[in-house]
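Place chain W on chain P using the hints.
Protein chains: 2
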Amino acid sequence: MGEFKHLCAARFKEGVVVDDIIRELTKLAVELDAVKFFGWGENMLDQEALTRGFTHVFVLTFAIAEDLAACLGHGKHCAFGATFMAAVDDAVVMDFPLVFVKPALPPC
Amino acid sequence: MGEFKHLCAARFKEGVVVDDIIRELTKLAVELDAVKFFGWGENMLDQEALTRGFTHVFVLTFAIAEDLAACLGHGKHCAFGATFMAAVDDAVVMDFPLVFVKPALPPC
Numbered sequence: 008m009g010e011f012k013h014l015c016a017a018r019f020k021e022g023v024v025v026d027d028i029i030r031e032l033t034k035l036a037v038e039l040d041a042v043k044f045f046g047w048g049e050n051m052l053d054q055e056a057l058t059r060g061f062t063h064v065f066v067l068t069f070a071i072a073e074d075l076a077a078c079l080g081h082g083k084h085c086a087f088g089a090t091f092m093a094a095v096d097d098a099v100v101m102d103f104p105l106v107f108v109k110p111a112l113p114p115c
Numbered sequence: 008m009g010e011f012k013h014l015c016a017a018r019f020k021e022g023v024v025v026d027d028i029i030r031e032l033t034k035l036a037v038e039l040d041a042v043k044f045f046g047w048g049e050n051m052l053d054q055e056a057l058t059r060g061f062t063h064v065f066v067l068t069f070a071i072a073e074d075l076a077a078c079l080g081h082g083k084h085c086a087f088g089a090t091f092m093a094a095v096d097d098a099v100v101m102d103f104p105l106v107f108v109k110p111a112l113p114p115c
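Residue numbers (the working numbering), protein chains in the order written: chain P, 8 to 115; chain W, 8 to 115.
Be aware that one or more of the hints could be misleading.
Copies of the same chain are indistinguishable here, so a pair counts whether it falls within one copy or spans any two.
Unchecked claim - Once the Cα atoms are required to be at most 30 angstroms apart in a straight line, the calculated DSS-like pairs of lysine-lysine come out as: (1) K109 with K83; (2) K20 with K109; (3) K109 with K43; (4) K83 with K20; (5) K34 with K83; (6) K83 with K43.
Hints were generated in silico from the structure; no laboratory data involved. Quick caveat: nothing in here was measured; it's all calculated off a predicted structure.
One chain only, chain P, in its complex shape:
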């Protein structure tokens, strides 16, 4: 099975409660069967020249690109997407099939 990733690095506007965003995203990820994995992280690298001020990373995994497309077109995602984009001060989003190098196969 391949893995298609939807990755977002973000910095939030002042006053935004990131825990609320994570709670909403969690609810959405749990509800949508096509989401195989959802995880997030808070940046710990203390070099703004490298992080560009991004503070959080969100990662969603789908089996195939079409599953992501279907989720993005889903009413629930659209509502959350607007909330999310209104909350971020800056964001980078990338979609890509993950190539496994080490190990050469996805985890079981």
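For chain W alone, coordinates are given in the frame of chain P:
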């Protein structure tokens, strides 16, 4: 077991052969025991307002933050790091412990 991620989104200078960069990074990841996972992806999202022109994502996984720090201080990484930074036109780097939400545990 937790997972500590070292993530880099990059866009390369004109003329850079990205396959060469991936080959060197693969060699490094295979040599360094502390690297539990190395994968990469080429962006497929066709919205520059979101991708900011970044074309590739590289992900390295370590058991703990200290393992990443040890690798970054490793002579082989330092040599490659200079090569990599000279090849990129722009990059964002973030280090973070990954919080597993769905599923709530790392893969076996």
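Evaluation of the provided hints:
no., hint, in the structure
1, K109 with K83, "between (35 angstroms within a copy, 17 angstroms between copies)"
2, K20 with K109, "between (37 angstroms within a copy, 26 angstroms between copies)"
3, K109 with K43, "both (21 angstroms within a copy, 7 angstroms between copies)"
4, K83 with K20, "within (23 angstroms within a copy, 39 angstroms between copies)"
5, K34 with K83, "within (10 angstroms within a copy, 43 angstroms between copies)"
6, K83 with K43, "within (17 angstroms within a copy, 35 angstroms between copies)"
The earlier numbered hints are all upheld by this structure, with none contradicted.
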